[in-house]
Amino acid sequence: MKYASLLDVIREKNPLIHNITNYVTVNDCANAILAIGGSPVMADDINEVEDIVSLSSALIINIGTLNQRTIDSMIKAGKKANELKKPVVLDPVGAGASTLRNNAVKEILSQVKIDVLRGNLSEISFIAGLRASTRGVDSAVEDEKKNPVDVGKIVAKKYSCIVGITGKEDIITDGVNVVKIYNGNKFLSKVTGTGCMASALVASFCGVTEDYFLATVVGIATMGIAGDIAFERAGKVGTGSFHVGIIDAISKMDSNVFLERVKLDEVKY
Amino acid sequence: MKYASLLDVIREKNPLIHNITNYVTVNDCANAILAIGGSPVMADDINEVEDIVSLSSALIINIGTLNQRTIDSMIKAGKKANELKKPVVLDPVGAGASTLRNNAVKEILSQVKIDVLRGNLSEISFIAGLRASTRGVDSAVEDEKKNPVDVGKIVAKKYSCIVGITGKEDIITDGVNVVKIYNGNKFLSKVTGTGCMASALVASFCGVTEDYFLATVVGIATMGIAGDIAFERAGKVGTGSFHVGIIDAISKMDSNVFLERVKLDEVKY
Amino acid sequence: MKYASLLDVIREKNPLIHNITNYVTVNDCANAILAIGGSPVMADDINEVEDIVSLSSALIINIGTLNQRTIDSMIKAGKKANELKKPVVLDPVGAGASTLRNNAVKEILSQVKIDVLRGNLSEISFIAGLRASTRGVDSAVEDEKKNPVDVGKIVAKKYSCIVGITGKEDIITDGVNVVKIYNGNKFLSKVTGTGCMASALVASFCGVTEDYFLATVVGIATMGIAGDIAFERAGKVGTGSFHVGIIDAISKMDSNVFLERVKLDEVKY
Numbered sequence: 001m002k003y004a005s006l007l008d009v010i011r012e013k014n015p016l017i018h019n020i021t022n023y024v025t026v027n028d029c030a031n032a033i034l035a036i037g038g039s040p041v042m043a044d045d046i047n048e049v050e051d052i053v054s055l056s057s058a059l060i061i062n063i064g065t066l067n068q069r070t071i072d073s074m075i076k077a078g079k080k081a082n083e084l085k086k087p088v089v090l091d092p093v094g095a096g097a098s099t100l101r102n103n104a105v106k107e108i109l110s111q112v113k114i115d116v117l118r119g120n121l122s123e124i125s126f127i128a129g130l131r132a133s134t135r136g137v138d139s140a141v142e143d144e145k146k147n148p149v150d151v152g153k154i155v156a157k158k159y160s161c162i163v164g165i166t167g168k169e170d171i172i173t174d175g176v177n178v179v180k181i182y183n184g185n186k187f188l189s190k191v192t193g194t195g196c197m198a199s200a201l202v203a204s205f206c207g208v209t210e211d212y213f214l215a216t217v218v219g220i221a222t223m224g225i226a227g228d229i230a231f232e233r234a235g236k237v238g239t240g241s242f243h244v245g246i247i248d249a250i251s252k253m254d255s256n257v258f259l260e261r262v263k264l265d266e267v268k269y
Numbered sequence: 001m002k003y004a005s006l007l008d009v010i011r012e013k014n015p016l017i018h019n020i021t022n023y024v025t026v027n028d029c030a031n032a033i034l035a036i037g038g039s040p041v042m043a044d045d046i047n048e049v050e051d052i053v054s055l056s057s058a059l060i061i062n063i064g065t066l067n068q069r070t071i072d073s074m075i076k077a078g079k080k081a082n083e084l085k086k087p088v089v090l091d092p093v094g095a096g097a098s099t100l101r102n103n104a105v106k107e108i109l110s111q112v113k114i115d116v117l118r119g120n121l122s123e124i125s126f127i128a129g130l131r132a133s134t135r136g137v138d139s140a141v142e143d144e145k146k147n148p149v150d151v152g153k154i155v156a157k158k159y160s161c162i163v164g165i166t167g168k169e170d171i172i173t174d175g176v177n178v179v180k181i182y183n184g185n186k187f188l189s190k191v192t193g194t195g196c197m198a199s200a201l202v203a204s205f206c207g208v209t210e211d212y213f214l215a216t217v218v219g220i221a222t223m224g225i226a227g228d229i230a231f232e233r234a235g236k237v238g239t240g241s242f243h244v245g246i247i248d249a250i251s252k253m254d255s256n257v258f259l260e261r262v263k264l265d266e267v268k269y
Numbered sequence: 001m002k003y004a005s006l007l008d009v010i011r012e013k014n015p016l017i018h019n020i021t022n023y024v025t026v027n028d029c030a031n032a033i034l035a036i037g038g039s040p041v042m043a044d045d046i047n048e049v050e051d052i053v054s055l056s057s058a059l060i061i062n063i064g065t066l067n068q069r070t071i072d073s074m075i076k077a078g079k080k081a082n083e084l085k086k087p088v089v090l091d092p093v094g095a096g097a098s099t100l101r102n103n104a105v106k107e108i109l110s111q112v113k114i115d116v117l118r119g120n121l122s123e124i125s126f127i128a129g130l131r132a133s134t135r136g137v138d139s140a141v142e143d144e145k146k147n148p149v150d151v152g153k154i155v156a157k158k159y160s161c162i163v164g165i166t167g168k169e170d171i172i173t174d175g176v177n178v179v180k181i182y183n184g185n186k187f188l189s190k191v192t193g194t195g196c197m198a199s200a201l202v203a204s205f206c207g208v209t210e211d212y213f214l215a216t217v218v219g220i221a222t223m224g225i226a227g228d229i230a231f232e233r234a235g236k237v238g239t240g241s242f243h244v245g246i247i248d249a250i251s252k253m254d255s256n257v258f259l260e261r262v263k264l265d266e267v268k269y
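Protein chains in written order, with our numbering: chain A, 1 to 269; chain B, 1 to 269; chain C, 1 to 269.
These aren't lab readings, by the way, just hints derived from the structure by calculation.
Don't take every hint at face value.
As the list claims (entries may be wrong) - SDA-like, lysine to any residue: derived pairs with alpha carbons at most 25 angstroms apart:
id, chain 1, residue 1, chain 2, residue 2
1, C, K190, A, V9
2, B, K106, C, S54
3, C, K186, A, E12
4, C, K252, B, G96
5, C, K190, A, L84
6, C, K2, C, V176
7, B, K86, B, V176
8, C, K86, B, K186
9, B, K236, C, N82
10, A, K85, C, K252
11, A, K186, C, S39
12, A, K13, A, R69
13, A, K186, B, L16
14, A, K263, C, K13
15, A, K76, C, L264
16, C, K252, C, G167
17, B, K190, C, T99
18, A, K263, A, N147
19, C, K236, A, N147
20, A, K113, A, L84
21, C, K252, C, L264
22, C, K86, C, K186
23, B, K76, A, E169
24, C, K106, A, N47
25, A, K252, A, Y182
26, C, K13, B, V176
27, A, K186, B, K13
28, B, K186, C, K186
29, B, K76, A, K85
30, A, K252, B, V237
31, B, K80, B, S122
32, B, K13, A, V9
33, A, K13, C, S39
34, B, K190, C, D254
To be verified - Computed beta-carbon distance windows for the label pairs:
id, chain 1, residue 1, chain 2, residue 2, range
35, C, R69, B, E83, 39 to 45 angstroms
36, A, K157, B, N185, 40 to 46 angstroms
37, B, E232, C, N14, 24 to 30 angstroms
38, B, E266, A, E232, 20 to 26 angstroms
39, C, D72, A, L259, 25 to 31 angstroms
40, C, K168, A, Q111, 39 to 45 angstroms
None of the values given here were measured: they were computed from a predicted structure.
All residues carry an ideal CB built from backbone N, CA and C; glycine is no exception.
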């Protein structure tokens, strides 16, 4: 299976992944990247992001606790990654919740070519609505919001990127092709940072293949599978042990575990 | 019991809690809020705190790793919360330890109406002493420091707020009524952030009731009970497992566990 | 054994340790300091670092997620610690990876007397090369890089400090005397922050003895032993449980555990 082999590749290549991320879940993102076989580097000062991007195999921009200082760093890092043809993943945490966040997302998307957008339905719907709000078709988009596949396709086409929408079912699309993933469980929403970790895993896999669609599927599926394993072990104990169990499961993931556990469909339309 | 029912209410209402907090314990605060049934949002940029407060049911301001940028955000967010009549909890971490912290606390208390102050005896004593230092009654306050109930009452009356002082015994007072809580154990002081988590839980409960006295009692008692449960499970293993056990216990807390475990007195004077 | 007794001393003295550190591993550093018997305080605003240094028994400067604001704070805090004759530990995270980092390390080393430098071989080699790059002896230093003891001695002599290089074998030197530690395992590189925690432990021990060589040996050995204990318990489970196990092991460490577990040589040259 083309998906599973990426799990062995990453442990062999050990890609360096540059994170400009939030201070809430940064430790989990770093540990998730280490657990899957990458090496994380967190650096957000505008005077060093270009140097760090240059050393790295992929860049993940996560706006969870953005501020003006870090927004500027995100854009500078993203432009440098574009210039060097390194993949850029954007996690638009909380897009739609504040004018600052909304403007930051617009600014990043207008100045940086994003290769993968990973968010929840609300965040990606907001980004789909960027077009709407400037073209006066809010209501149409409101309808489309009901179907994650449609929302994902709109955004994937608009920004020529891969879109990963995580939720009860996860949707990955490039605007034409669609993969649905059924792994994961509701405990994942009871621990902060599981979305951020999914994005960090996606970026890690983007660091070892040029097929970013494949990387996004594998990254999101890895997170879902880790959630399933952690739930079996710790669901009855509580969310603290579940949290620890997620990292444990990622650190023990390989192509065999992946193949045995993954539940996905390549959807035809 | 009026206290216990709040644990069921919060899981039903799932309040959004806005945290402007420190980068040391922020992950634990977010996970504690999720574990008890709320939804955390961490946002500290001055250009978005008003938007985020507007979406939220309560605001918690924690000065653990304050800097000039975030102090301004705290005040702006606090004023907005006051305007919208949303509860504001202040955790004056380290008050008394530096001029910056002392001035920040004074500034926040002078510009923002605080509904609940949650700290340790040293921090709350410092705030009690604000009056002393400007009125020249240091020695009197020094004596009062010996009795947390008296310190709490001074501060509660001065700022017309609920005061929660955590320690060997926890004291909650509105200046007249007093509740003492006997849950918790000394392991809680061996893990960073247990005070911050207590404040985050208080803010979470303030998000679902207008009785902030009740919310403060339940928030602090929940933390103490979680500490008791975690200690039984992990006290012999070490503070890492104890830390995980706290979140586990919060995530499994409900009105039954609370009723079975809580040790409190409504003290008459 | 002179080393082991320090573990009992620290639990008795409970030193306050001032950390100016990164937002990735700060929670682990705080919990490691608590676990070994110290009290952590994290404060990085330039307007309060002098106050906090004055209260503390040691200062640890960690440049993991430095920015211009915090670099200035590091230097101000370091100068104050020098003035008050309090020990300063520097963890030059990522030295060599960006111009910002390199300049910051140079600036800190030129303005602050550092008592202990704790890093990996790559970071300490970069610092050894500071001399080289200004004196044109890069190739010579390149050769020396092959031997951690030589790299450590160069840096220890140049800056009149203790150098601790962690790796497969850990090297501690004052430029003349050398101790090698054989505790620890490769899982320690699969969890972020184990180096930062080692530095935080070194700073903690520096807070209770004027023999910083001794403190560095005990701090680094404590981390290695904790890694060994955690690996025995959780190596098969995964890196999440290993991470928790490190803190557990530090919290249960005492002179007996240390004596039973430590593997070190005082090397004669």
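For each hint, the structure was consulted:
Restraint check for C:K190 and A:V9: satisfied, since their Cα atoms lie roughly 17 angstroms apart, inside the 25 angstroms limit. For the hint pairing B:K106 with C:S54, the CA-to-CA distance comes to about 22 angstroms; that is within 25 angstroms, so the pair holds. At roughly 16 angstroms between alpha-carbon atoms, C:K186 and A:E12 fall within 25 angstroms of each other, so this suggested pair holds. A hinted pair counts as satisfied when its Cα atoms are at most 25 angstroms apart, and C:K252 with B:G96 does not qualify at roughly 32 angstroms.
For the hint pairing C:K190 with A:L84, the CA-to-CA distance comes to about 28 angstroms; that exceeds 25 angstroms, so the pair is violated. Distance hint between C:K2 and C:V176 is fulfilled; the C-alpha atoms sit about 19 angstroms from each other, no more than 25 angstroms. For the given pair, B:K86 sits about 23 angstroms from B:V176 by alpha-carbon distance, which is consistent with the 25 angstroms threshold. Only pairs whose Cα atoms come within 25 angstroms are accepted, and C:K86 paired with B:K186 is rejected, the gap being roughly 29 angstroms.
Only pairs whose Cα atoms come within 25 angstroms are accepted, and B:K236 paired with C:N82 is rejected, the gap being roughly 40 angstroms. Taking the CA atoms of A:K85 and C:K252, the gap is about 49 angstroms. The hint is violated against a cut of 25 angstroms. This hinted pair does not check out: A:K186 and C:S39 have alpha carbons roughly 37 angstroms apart, beyond 25 angstroms. In summary, the hint linking A:K13 to A:R69 is not supported, as the alpha carbons are separated by about 33 angstroms, beyond the 25 angstroms threshold.
Distance check on the hinted pair: A:K186 and B:L16 sit about 18 angstroms apart at the alpha-carbon level, within 25 angstroms; holds. Restraint check: the Cα-Cα separation between A:K263 and C:K13 comes to about 55 angstroms, which exceeds 25 angstroms; the hinted pair is violated. In summary, the hint linking A:K76 to C:L264 is not supported, as the alpha carbons are separated by about 47 angstroms, beyond the 25 angstroms threshold. Distance check on the hinted pair: C:K252 and C:G167 sit about 24 angstroms apart at the alpha-carbon level, within 25 angstroms; holds.
For the suggested pair B:K190 and C:T99, the alpha carbons sit about 38 angstroms apart, so the restraint of at most 25 angstroms is broken. Distance restraint check for A:K263 and A:N147: the Cα-Cα separation of roughly 20 angstroms lies within the 25 angstroms cut-off, and the hinted pair is therefore satisfied. Between the alpha carbons of C:K236 and A:N147 the distance comes to roughly 42 angstroms, so the proposed pair goes past 25 angstroms and is violated. Restraint check: the Cα-Cα separation between A:K113 and A:L84 comes to about 12 angstroms, which is no more than 25 angstroms; the hinted pair holds.
Our distance criterion of 25 angstroms between C-alpha atoms is met by C:K252 and C:L264, whose separation comes to about 20 angstroms. The hinted pair formed by C:K86 and C:K186 fails the criterion: a straight-line CA distance of about 33 angstroms is larger than 25 angstroms. The straight-line distance between the Cα atoms of B:K76 and A:E169 is roughly 39 angstroms, outside the 25 angstroms bound, and the hint therefore fails. This hinted pair checks out: C:K106 and A:N47 have alpha carbons roughly 16 angstroms apart, not beyond 25 angstroms.
Under the criterion of a C-alpha separation no larger than 25 angstroms, the hint pairing A:K252 with A:Y182 is consistent with the structure, at around 20 angstroms. Between C:K13 and B:V176 the alpha-carbon distance is near 39 angstroms, which puts this suggested pair outside the 25 angstroms criterion. Restraint check for A:K186 and B:K13: satisfied, since their Cα atoms lie roughly 17 angstroms apart, inside the 25 angstroms limit. The hinted pair formed by B:K186 and C:K186 fails the criterion: a straight-line CA distance of about 34 angstroms is larger than 25 angstroms.
The suggested pairing of B:K76 with A:K85 is violated, with an alpha-carbon distance near 41 angstroms, which exceeds 25 angstroms. For the given pair, A:K252 sits about 24 angstroms from B:V237 by alpha-carbon distance, which is consistent with the 25 angstroms threshold. With a C-alpha separation of about 29 angstroms, the suggested pairing of B:K80 with B:S122 is violated against the 25 angstroms cut-off. The hinted pair formed by B:K13 and A:V9 fails the criterion: a straight-line CA distance of about 45 angstroms is larger than 25 angstroms.
Restraint check for A:K13 and C:S39: the C-alpha separation of about 40 angstroms exceeds 25 angstroms, so the hint is violated. Taking the CA atoms of B:K190 and C:D254, the gap is near 16 angstroms; set against the 25 angstroms cutoff, the hint holds. Between C:R69 and B:E83, the C-beta spacing of about 30 angstroms breaks the proposed range 39 to 45 angstroms. Between A:K157 and B:N185, the C-beta spacing of about 57 angstroms breaks the proposed range 40 to 46 angstroms.
About 26 angstroms separates the C-beta atoms of B:E232 and C:N14, a value consistent with the hinted range of 24 to 30 angstroms. Between B:E266 and A:E232 the beta carbons are some 44 angstroms apart, a value that contradicts the proposed interval 20 to 26 angstroms. Distance hint check: the CB atoms of C:D72 and A:L259 are about 52 angstroms apart, inconsistent with the given range 25 to 31 angstroms. In this structure the hint that C:K168 and A:Q111 lie 39 to 45 angstroms apart at CB holds, the actual value being about 44 angstroms.
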